[in-house]
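Enquirer: Protein sequence lines correspond, in order, to chains A and B. If you read the first sequence in this note's numbering, its first letter stands for residue 94, the second for the next number, and so on. If you read the second sequence in this note's numbering, its first letter stands for residue 28, the second for the next number, and so on.
Treat the hints with care, since some could be wrong.
[As the list claims (entries may be wrong)] Chain A is faced by these chain B residues, among others (derived, beta-carbon under 7 Å):
| hint | residue |
| --- | --- |
| 1 | L31 |
| 2 | M39 |
| 3 | R97 |
| 4 | A101 |
| 5 | M105 |
| 6 | V126 |
| 7 | A131 |
| 8 | R135 |
| 9 | A141 |
[To be verified] What follows is a set of in silico ranges between Cβ atoms, one per label pair, in the way DEER data are often shown:
| hint | chain 1 | residue 1 | chain 2 | residue 2 | range |
| --- | --- | --- | --- | --- | --- |
| 10 | B | R61 | A | T394 | 56 to 62 Å |
| 11 | B | L65 | A | R206 | 33 to 39 Å |
| 12 | A | G198 | B | V82 | 31 to 37 Å |
[Unchecked claim] Not everything, but these chain A residues come out facing chain B in the computed CB check (under 8 Å):
| hint | residue |
| --- | --- |
| 13 | L217 |
| 14 | E219 |
| 15 | A362 |
| 16 | V365 |
| 17 | L399 |
Worth flagging that the hints you see were computed from the coordinates, not collected in a lab. All C-beta atoms, glycine included, are put in the ideal place defined by N, C-alpha and C.
Here are the chains, one letter per residue:
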Amino acid sequence: MLPATAAALAVLAALLAWPVPALLARAGWPRRDPLVALVCWQAIGLAGGLSIIGALLVHGLAPWGHSLPEATWSVLTGHPAAAPVRGDHWVALTLAGVLATELVGVLLLSWVRTTRTRRRHRELLELVVQPAELPDARLLEHPAPVAFCIPGARPLLVLSSGMVAELDDAQLAAVVAHERAHLREHHHLYLLPFVAWEAALPVLPAAARAHVAVRTLVEMRADDVALSSLAGPAPRRTLAQAIVVAAGGAGGAGVPSGALAVTGSAVGARVVRLLEPPSPLPAWARAAALLSAGLLLLVPTALLLLPAF
Amino acid sequence: MASLGDLERAVMDRLWSAEGALAAPELRDGLAERGLALTTVHTVLSRLEQKGFVVHDDARPRRFRARGTREDHAAELMHEVLGQAGDRQAVLARFVGGVDADEARLLRELLAAAGPDDAPR
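In isolation and in its complexed conformation, chain B is listed as follows (with noise of 0.2 Å):
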């Protein structure tokens, strides 16, 4: 039994390399090999549509189609991680914070002055 964020993720696969916009009884045909009823599929693009990666035509309600491509998501995502403000930190917990090119480059100057060769310290 698939998970449904596995689900969630086989259809969004769909709708990326999709044309155009597909209806529910299209993604069941394309994802055969799953075995989805076609509530099932309802079900998932609901989801989808909630958390607002799939939107439907105003005039053509049965059919669904993807709101931004892969790379809009992960952009966006890179975009709130690199832009992060100070008082964000919280949310997440990120290896190194954001460094001017000044600082880099003292940083650079520190770690080769420290010496090239690893001296048990």
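Okay, chain A solo, but in the shape it has when bound (with noise of 0.2 Å):
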């Protein structure tokens, strides 16, 4: 019989790996608060794994307890099972294992691997480039318009000579705005626990679903973040046309580009939502949202610290 917690955590895990994270990534609302989604998005990656990994943990150590704090108590204090430990209980609590072991091994190695990459990247940047007159930005000889920026403890600003080229001032501006919104709120972070899920689990199609929403949820914050600071008559105009000629000019100068695909159709839900922005969410329904995010955290917490009743 299995403990009435551990059916309830696998059913939570069932829902927020399939039609949860679906709905939320077919829904329209996301583009109209980025951020509260971003919110929604974490729980759900959070909260999807400790209900996975709790519900297998709780049936595994059934026999040593009805709940998770008495039977790991049991364990540690070494007593002896209440109940014969059958093979389906020591499968369980194998895949906790290794499910958990998997998914902060593939956290740690992403993070190692991209800061690595950043450092290279870093020094590349710092011994090809001059300085410009910002210490944290540099201008890159090349004649395709690209801008990006590495995060990290000492973040970069990158701007093509060719971006530089082919932008106004109001535009450049729009483009080093939005470029600084991601580092000054630490987007790449956002990021990691989904490139960390879909390394984990590549067969589980919401876990590629969540990671392609999240990129984009975030490049709309930063253009949000871009436009309250930008000044100027029509500042989503501008930051729209610079997208444009970025996009545009990467395509026809003949430069070879990757993830076409993915990143086209956000650019495009990108320009869209710049030139005819929808309606910011009403307060009841960011407040609905953000109260279920923290339902969302607290259910499996709680099935999982509480004593079983």
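Using the hints, put the two standalone chains together into the complex.
Expert: This is the structure:
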């Protein structure tokens, strides 16, 4: 007999593995408030991990006690199991261990890898490019209009000479504001868990879907932050123009570009959103979304920590 | 006091403008205005070698040259940025990802359709 807690956690894990991410990815409201949507995605990712590993743990430890704290205490103090330990208990415990190790391992691995690549990029930049007037910005000689930032302890903002040549001052300011928003809000950290989920469970379509959605939302959030700091008569249009120039030039100049299908639609969505801004989310809807995100985290935590009833 | 990064850039500039390989004393003399000790030059060179920017000939281990030109390194970086696959996006945040020609045309039409004047919405 499965403990009720394990069953509840398993149901939650199943919901978070497929229907919930599918619904959120298809929903229209996230583009109206990317930040709230990002919070919801983080809650889904975290609650998903908690509930699946928790369900396996609670089931595997069921012979030692009916709740996780009780069973863990029994195991740690060397008490014998109260009920016979069957094969499925061992399978559940093994799976929990493997999954937890894999998730944490992939997270660490992608952290180490991205840190190493960033450091190499930074070394290259600092050597190849003379520092500009701005201490954290570099101008790279290259015809393609490209702008990017390298996050980290010493962030760098990089503009290509092609980008500077093709944009006017207002558009350039919009690009810089967008990249600075990424750096200031540490958007790379929002992405990290979803990189790990996708690498750990490539068979789970929701993992890839969540990663794409979070990446798009992070860009939209950076657009929003950039808009709030831009002067000028029509900052939305200025930013949209900059995006179109950057997108058009990279394709037109015959520069190889990767990940077309994925980023392409996201770029279009950003431009549409800038030109025809959706109405902001009403306060009650924001509150409801944030409350759901909180509950989503609270439910598996409570199921794991509270004694069984 | 110049930072190490600053010195590395100065040494690389020397190596890039040099005809062939250079020895550490030549580099020190070339950078005379900085008043560097020979050990400092060696430290900078070994750091650059570790990072893969400088190599020395097997036949003449005391002479150093740049592994690639400045343009090579810029192109290498740009290649990685532009050719970045989706899963690498975590490394850096690019303003706009790669877009194919059709999509770029579509975006331009979108912008044109929104009207040339900046009517507030």
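Enquirer: Of the hints given before, which are not true for this structure?
Expert: 1, 15, 17
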